[in-house]
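Chains as they are written, first to last, in full-length UniProt numbering: chain A, 1 to 97; chain B, 1 to 146.
Certain hints may be false.
[Stated by the list, open to error] For each label pair, taking beta carbons as the anchor points, the in silico distance ranges come out as:
#, chain 1, residue 1, chain 2, residue 2, range
1, A, E5, B, A109, 48 to 56 Å
2, B, H132, A, K63, 53 to 61 Å
3, A, R71, B, A125, 31 to 39 Å
4, B, A137, A, G96, 25 to 33 Å
5, B, A125, A, V4, 14 to 22 Å
6, B, V69, A, Q10, 45 to 53 Å
7, A, Q10, B, Y108, 55 to 63 Å
8, A, T72, B, A57, 20 to 28 Å
[As the list claims (entries may be wrong)] Covered stretches of chain A, going by a simulated chain B footprint (3 or more residues, C-beta under 8 Å):
#, region
9, 30 to 39
10, 58 to 65
The set of hints was computed from the structure by calculation and includes no laboratory data. Beta carbons are placed, not taken as given, at the ideal position from N, Cα and C, and that holds for glycine.
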Amino acid sequence: MTAVEPRFDQVVHAPPRLQVCGLLAAVDVMDFAAVRDAVGVSDSVLSKHVKQLEDAGYVQVRKATVASRQRTSLSLTTVGRAAFTAHVAELRRITGG
Amino acid sequence: MTADRERAAADRAAADLAALDADRAALADRVAPPRWFGPALGLLLFVLVASNAVDSAAVTGAALLVFGVGVALLVRTYRSRTGVWVYTPPKQMAGWAVFVLAVLVPTYALALPWLFVAAGAVLGAAIAVLTHRWTRAWQRELREGV
């Protein structure tokens, strides 16, 4: 297994984006509403942070209509997953863990 | 950077890691499917395979339709209850594919009606057990932290 190069990532680090990335890193797809509930922020606050992650190419946003309701789902891109893993490695390095 | 700043940064990083671990532990509770999920999937697979015991394209077609609709409903129910989805890891999927082939190849080669029922029961029970085991393994992994 290749060791991950620790790298501080300002886009990932800012709260609550670190939390969003942490949740998305644990799954393949997570509904916007489930992320919002887990993070404990409003729709508008989460939308703003998701947009920043999307602009950085870290998160992919998909919209689908299920039973006449729109469902927005989020997933980490390969680049986003790598950035999050490197950022966690940097946090571990800082803590000496 | 002073020693105080370094200590503050280390404390902040430790707090961030602890928060990530807490989120994963909460997610581990969230991703558990309902108890009937695995048995329902097993029943659908049993019906699909066992339908071959009746030498009728109509019965097999109907069983295929029931399987497809049933699996779609299970996926939709799981996603609406948990808000998440994960794909089965390739290694586990490959192991399952080998097992399915090991059961179905001799079954179709011999083509005995009772054997289709037995094969359906074996595969149905196996997927019910594996669904439970894969979920438990995933929950353990989440609780181990980032």
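**Report entry** Unsatisfied constraints (hint numbers, rising)
**Finding:** 2, 5, 8, 10
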